Amino acid sequence: MTVRREPATPVLTVEDLSITFTQRGAAPTRAVDRVSFEIGAGEVVGLVGESGCGKSVTALAVMGLLADRNVEIGGRIAYAGTELLGLPRKRMRDLRGADLAMIFQDPLSALNPVVPVGRQITEMLSRHRGLRGRDADAEAVQLLGRVGIPDPERRLKEYPHQMSGGMRQRAMIAMAVSCGPRLLIADEPTTALDVTIQAQVLELLKDLVETEGTALLMITHDLGVVAGLCDRVNVLYAGRVVEAAPRHELFGNPVHPYTTGLLRSIPRMDGDRGVPLNPIRGSVNDLVAWADGCAFAPRCDRYELECLAGTPAVTELPGVDHEHRCVNPPGTPAVVR
Amino acid sequence: MVRYVVTRLLQLIPTLFGLSVLLFIWVRALPGGPDTALLPENATAADRERLRQDLGLNDPIWVQYAAFLARLAQLDFGHTLRGRAVSTELAERFPATIELAFVAMLIAVVVGIPLGYLAARNRGRFLDVSAVGGSLIGICTPVFFLAFILKEIFAVRLGWLPSSSRLTPGTSYTDITGLRVVDGIITGEFHVAWDAVVHLILPALALASIPLAVVTRMTRASVMETLGEDFVRTAESKGLTARVIQFRHVLRNAMLPVVTAIGLLTGALLAGAVLTESVFAFGGIGSFLFQATQSRDYAAIMGTVLLIATVFVVVNLVVDLLYTVLDPRVTVDR
Amino acid sequence: MQLRRFRTTTALAATAALLLTACGGVGDDGGDDQTFIFGVPNLPRSLDPIFANDGETFRVTRQVFDTLLDHESGGNEMVGGLAETWDVSDDGLTWTFNLRDGVEFHDGETLDAAAVCANFDRWMNLPEPFHNTTVAYYYNNLFGSFTDGESSTGNDFLVGCSADGLTVTIQLKETSANFPGAFSMATTAILSPGSLEQIDDGAFTGIDDGLPDYTQDVTGILAGTGPFQLDSWNHAQDELTLTRFDDYWGDPAGVSRIVFKAYDDETALKQALEASEIHGYDLVAPAHVAELEAAGFQVPTRGVFNILYLAFQQETDEQLADLEVRQALAAAVDRQNIVDSLLPEGGVVATQFMPDTVAGHSDNVTTYSYDPDAARPVLEGRTMEFCWPTNVSRPYMPSPRDIFESIKADLEAVGVTVQEKPMEWANYIPAAASGECPLYILGWTGDFNEGYNFLGTWFANHTDEFGMNRDDIFAVMQRAAREGDPDARAALLAEASEMIMDELPGLPISSSPPSIVFSAEVNPPNVSPLTQEKFDEVSFR
Amino acid sequence: MNLPGTATKAAKIDRLAELSVSSSDVRGRSLWLEAFSRLRRSPMAIVGAVIVSAFVIVAVAAPLLAPHDPTAQLWRGDVFPNRSIFVGPRAENPLGLDHAGRDLLSRMLVGARQSLMVGVVATLIGLSVGALIGGVSGAAAGMGRRLGRAVDSVLMRFVDMLLSIPALLIAISVAALLGPSLTTLMIAVGAAQVPIFARLLRGSMLAQSRSDFVTASIALGVRRPKVVVSHVLPNSLGPVLVQGTLTLATAIIEAAALSYLGLGSPDISRPEWGGMLADAQRFLGSAPHMALFPAVAIIITALGFTLLGEAMREALDPKLKK
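Residue numbers (this note's numbering), protein chains in the order written: chain A, 1 to 337; chain B, 1 to 334; chain C, 1 to 541; chain D, 1 to 322.
Read the hints as simulated data drawn from the structure, not as lab findings.
You may find that some hints are simply not true.
Here are the simulated distance ranges between beta carbons [claimed, not checked]:
no., chain 1, residue 1, chain 2, residue 2, range
1, D, Phe36, B, Ala66, 25 to 33 Å
2, D, Arg90, B, Asp175, 29 to 37 Å
3, D, Thr183, C, Asp487, 50 to 58 Å
4, D, Thr183, B, Gly133, 30 to 38 Å
5, D, Ala150, C, Asp213, 27 to 35 Å
From the structure, some residues in chain B lie toward chain C, with a derived Cβ separation under 7 Å [what the hints assert, rightly or not]:
no., residue
6, Gln11
7, Pro14
8, Gly18
9, Arg82
10, Ser87
11, Ala91
12, Ser130
13, Gly133
14, Pro169
15, Ala193
Stretch-level coverage of chain A by chain B, calculated; a stretch enters the list once three of its residues show a Cβ under 8 Å from a Cβ in chain B [claimed, not checked]:
no., region
16, 102-112
17, 138-149
Everything numeric in this text was worked out from a predicted model, so none of it was measured.
All C-beta atoms in this analysis are idealised placements derived from N, C-alpha and C, irrespective of residue type, glycine included.
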C-alpha cells in the first residue's frame, strides 16, 4: 500500500506493521498484517473493524504495551520522527503518558479500583510534569473541570466505582490529556457508555483535538462514531487494511464489500420501515489466510474464485485518496482473467 | 462502622451458642470417660461410679448443659482432670500459641508474598517452577513429620537450635504479656527475648510450612491475575515507573485475596499448632489440646475448641474490617 | 507505605539469617552446675500428697516430704524414715515409731510426735468429699478411717495416733498386709503442723470444682522435712522448681535446684535429653535405651518390681475354662522373645504373678516353657478374641502394641485365629475389669515390698477380670491378708502363688524394669525398683 | 454465471473449504471436552495423572505385588528394637524390615490400598454429605421463596459454624467420638470436608442460578426445580470435581496427622501409610527407613492428587483460557 505523505512530519507513522503471536505448541497467529497509516497534528484517524480484526493490538503496539514474550513485531512505528520500535524501555516509558496517551474502552476496569481517581491523575502529573502535592491536586481539579466533571474537588477523592460510567470515562480522558500528549489513542471510548453519554464524550474528544491540536487515533467498530469525528478512516479486516479513505469519500463511495457490509448494517432512523437490516453473514472466525487470497471471501457476496488467487493487491482510486484491496469490487463486472 | 462492628460481634453469639451445643453433645458422646484417666488400674466399679457422680456425669444431659452454659457465661470452662481451671490454663498457654502463630504467619507473609510475586513476574521460569513446586510439596508434607524432621536435624543432630519448650528450662524471667519475646524487650531482659526467639525458630518454621505455601501460591495467582487487568495496562500507558505500577497498581490489588486467605489460614494455623506444639513441647493451647485429647479431658477439649473457634471468627471479622479499609468497593453496610 | 513494609521485612530476613548462624550454644544454660533438670511426662496433680495416686506426683513430693518409714536407697527393704526405729506389738495392732531428733521442717518448725499425730488427725477428720478413692485413693485403701462418716471402700483400720515427745503410737483396729508398707507410702508423708493449720479441708467441695489452689501453688503453705523445698511452679512453662533445704536432717542434697520440666511424649523427652536440655528422664522406651547408651548417656538398670500378664477370662470364653487350653496357650507364647526384643534390659520372664524379689515369691511353682509343637494340637483351628490397649505406655509394658503383635504372631503360628480388639486405655480398663475381654494384656507395679500387694490385687476373691472360681485359693489369700507376721504371711502367699500357677488364670509374661536415663555430666542417684529415686543423691561431675 | 473463466458454484465452495482456516473446531466443543484437551497438554496434569494411576494400580494389585505376607513376622529373630537392632534395605527385603521383622515393601504395598481407601471413602463421605447440604441449600436459595431462603439460611449457619472449627479439629473430634479404627479415620477425615463441599456447591449453584442462561430458562417458563436439576447442578460439578481431587490429597495427609495424634487405625493386619509413619517415628534414630518410605510415599501421592486437581482447576477455569 502506498503511503500518503503530508508536507509536515506526521505525529504518528505506522508502516508495514505486522504483529504475530507465537505460543509454544500452537501455530503462530498473525494479528496485524502489514498495516500502514499516519496521523498528522490535529487530525483524527479512525481504525474501524469488527472485534478481533487487530485494531486494538495495533494501538497497543503503538503504545509499546504488548508483552515482550511470545510476540513478534515487524515494520516500523514512528512518533514525530522517533522510531518507537526498539526504543529503550526507559525512553518509551518517558514518552508514554507524556507524549502518547490512551483512553480505554471500559473505564471501570481500566481504572484502578482501590486508588482514588484524583490520585490516578496526580500520579501522572508527578511522573511527567514534576507536580507534587497541592500543585498536583489543583491541576487535577482543573483537568477534571475541563472534561466537564462537576464538583471536581470532591470527585478527586472518590473511587472509580463511586462514579457513573460517563464520569469515569471523562476522568479517564482527563487523565489521558493531563500531560498534553501530542498523540491520543482512543480505543472504543464510547462502547461501554449509554448513547446520550456517548455523544457527550465524543464531543469532548472533538473539542480537545480542535483546541490542543492533538492527533487522535480513534479505534472503533462503530461507523457512526467515525462519521461524526474522523478525518480519515482505515477499515481493518483480519489484520489488514482493506480500505482507506477520507471520511466523506468512504461514506460516499465505499468499494470493499466489507465496508459496504458495515455501512449496510447500521440501523438508520431515516431508513424505510420494513427494510430489513443487512448484517454481514458469518463471523470473523470464518477466515482464509491472506496469503491464499481475500480473508473476507467466505463471508463475501461477491466472492469469486479469483478472490482466492493469492493476496489481493491494493487498488488506488485516482484523485480521491482512496485505496482498497478488493479483487472484485462492486460496479465493475467480474474480472476476466 | 461502629454499628457494623457491633452487628458482626452480635452475630458471633448464635454461632458460639450453636458451637457450644455441638461441642457439648460431642463431648458427652465420647466413649469411655474421664473417670478412667483419674483412677488407677485396680479401681473398683464403685470407685468409678462415685467419680462419675462427683463429675456430674450422671445428671440428665440438659442439666449438665445448663450448668455448663451458666458457667460459660462467667468464662468458667470448668476444670481439667488435673484439677485446674480450664480458663486459667488457657490464659496461661494462649500467649504461647499467639506468639508461635504470629511468627509463623510472619514467616509465611514475609517470605510468601515476595516469593509469590516474583514467581508471577517470572512465570514459567526456574524461580516460578521451584516456588510452585516447593509450595506444593509444602502442602503435601504432613506437618508433624516436617516438625519432627526439623527437630531431629537442627536440634538433636546438629544442636544448632533448642528442641523444645519456649525458654531454656530453669530460666527466670519477668512475665507481663505472656509473650516472652515482647516481655524480654519491655523489661530489658534481652537474653530472655533472645532465648525465646531461638526457641521459636523451629516450631514456627514447621508451622509456617502450610501458610507459606498457601500465601505463595495465592500471591502468585493473584498477581498473575492482576497483571492481566485493564488498569495495569492503563498504568503502563501512563508511563508510570515500574515501581509505582508494581506497588500501587499490581500489589495493592493483588493483596486483597491474599489478606482474606491470611484470615482463613488462622484456622489452619491453630490446627497446625496442635501438631507442631506437641512435637516441640511448646506448651501452648495446641499442646494443651493434644494432651486433653489423649486423656479425654472433656472440659479442656471443649474450652480449647471454643477458644480456637472464637479466635478464628474474630480474626476473620478483623480481616473483613481490614478489607473495608483496603478495598473501597466493599462497604460496611453490604 | 508498601516501601516501608518491605524494608522492615528485609531487616527481619537479615535477623533471621543471623539467628540461624548464631545460636550454637543452646542448652548451655541448662547445664548450670547447680540446677538439675529432670524431664517428666507431666507435673504433679497436687502437691498435697493425700490427693495423689500417680507416680509423677510422688516423684516430686518424695523429694520434699518424708514418711515415717522408707525404703533403702536403691532397694526395696523397709528402713527408717522420719522414724529412726519402729516396733509392732505381737497382735500386730500397735505400731510404735521413735522419731529422729532435731528434724526441722522447711518452715522452721521442729518435728515431734505431736506433729506426726497432727497429720494422722487431719486424715481421720477429713470431711465427706474425701471419703472415697477418687480424691484420696491411697488413704481410703490403706486406712479408710474417718471420725465423721465411712470410706467408700468399707475399710476402717485406724483407731488413732498418740504422741509422747518423739514417740508416736499408732493403734489399729485389725491387722492387714498393708502394714507397715502403708507408713512408707509417699501419700502418707508428714507435713508441718504449720502447713496443716493453713489448709482448710472443709473448703474442698469435690473434684468437679477443681483442686484447692494450694495444691498446685507454691505459696509457702506446704512445708515438709525433705532435702528439697518447694520453690516455684511455672504452669505456663510446665516447670516446677525445688531448691535445696539447707537444714535437712540427712546429708545435704548434691544440687541446689531441681527443675521438673514436662514434655508431651517420650520421644520429645529423648530429644530434649539428646539436645542437652534436660539431665534425665524416666520410663525410657526400650527402643531408645541402646541408642541413648551408645550416645554416652547413663541408663542404670533398676531391679524389677512389676508384672506383665496375659489374662485368660474363663467365664467369657468357654474355651479358656479348659485347663488344657490355658496350658497350651502358655506353651504357645514365646515370652523369652518378648523379653529379648521388646522389653528393657534387666527384664525377665515371669514365673508367677509377682517378681522374685518380693516376699511371698515361691520357687516351687509350676512353670511353662515355650513349646509351640505341643500347643498346636490343642489350639489349632480355634478362634479367640484378644484385646489390647492403644496409645498407652505403662512401666510394665512400654509398648503394648508391639507386645500384642508378638503374642498374636505366636498364636497364629500355632493355628489360632486371633480377632483383635484394639481399645483406647480409657475403654480398655473398664472392659478388662468387667470381663469383656477373653484375652488381654495388663500388669501391675508394686507399691511396696509385699506379696499381697501383688496377688491380692487380683486373686483375693472372684473377679470379672479373670473369672476364676477357686474358693480354696481365695481362702488362703484371705488368711494371708489377716496375717500380721511377715514370714507367716510370705509362706501363705507362696502357697497361694503355687496354687494359682497350677490353675493358670493368666500367663505371667515378664517383670521388667522401667528404664531411667541420665546425662553423662551427673552422678545419678541409686535407682530403685520401686521407682523411688532420691534426687538429693544427684550431683554434677 | 457461465462466463468463461468463471468457475461453477461447487468449485467455488470447494476451493473455499480447502483454504478455510476457520477455528470452528474450537467453538463446537463442549466445556468438558475443551477442558480435557487443555488438561492433556498440561505437564502438571500429566505428572499428577502418572503418580495417581501408579498409586491406584499399586493399591489395587497390592496382594499380587507384595512379595511377602505383610503381617507375618518372618524375620522376628533379626530385629531387636530394645537393642536398636533393625534391618534396613537388603536383597530379600528391598525396603528393609519393620520393628517386628515384617517385610516393609509388602507393608507399603498393602498400605497403599488402605490409604487409597481412606482417601476415596473420606472424599466420598465429605462430598456426598457436603453436596447434600450444599445442594439442598443452594436449590432452596435458588428457588427464592421465603421457605427456601429460610432453609438455606439455617443450613448455611450450621455450615459456617462448622467452618469456624479448623478441619483437623473436626477430624479429631469425630475420631475421638467413634474410637480409633479405619472406618473412623474415613469418617473423621470426610466429616472435616463436609462444610467445604457444602459451601462450594451452594456457592457454585447460586452463581449458576444468577447466570443468564438460567434466568433465560426461567423466563421461558421452565419450572424452577427442573432448571436446578437440568442446568444448575451439572454446571456446578466442575468445582466439586476439582475439590474432590484435592481432597484426596488432604485426606491422605490428614489421616497421617490423626494417626500421629493416636486417633488412627490400630488395625495391625491392615497397615496404612499414615499409621506406619506415625508409628515409625519412635524408631527414627535407629531405623530411619521405617519412617522415610511411608513419608515419601505420602508426600508423592498427595502431590500427585494435588497436581491433578490444580491442573483440572486451571483447565476448567474459563478465566485462564487463552
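Here is what the structure says about each hint:
1. D:Phe36 x B:Ala66: 25 to 33 Å: violated (57 Å)
2. D:Arg90 x B:Asp175: 29 to 37 Å: violated (55 Å)
3. D:Thr183 x C:Asp487: 50 to 58 Å: holds (57 Å)
4. D:Thr183 x B:Gly133: 30 to 38 Å: holds (35 Å)
5. D:Ala150 x C:Asp213: 27 to 35 Å: violated (50 Å)
6. Gln11: violated (31 Å)
7. Pro14: violated (29 Å)
8. Gly18: Result: violated, 25 Å to nearest chain C Cβ.
9. Arg82: Interface hint status for Arg82 (chain B): holds (5 Å vs cutoff 7 Å).
10. Ser87: Violated, about 11 Å.
11. Ala91: violated (9 Å)
12. Ser130: violated (18 Å)
13. Gly133: With Cβ-Cβ at 22 Å, over 7 Å, it is violated.
14. Pro169: holds (4 Å)
15. Ala193: Cβ of Ala193 (chain B) sits 12 Å from chain C, so the hint is violated.
16. 102-112: Check passed, 7 qualifying residues.
17. 138-149: violated (count 0)
Going down the numbered hints, you'll see the structure goes against 1, 2, 5, 6, 7, 8, 10, 11, 12, 13, 15, 17, while the others check out.
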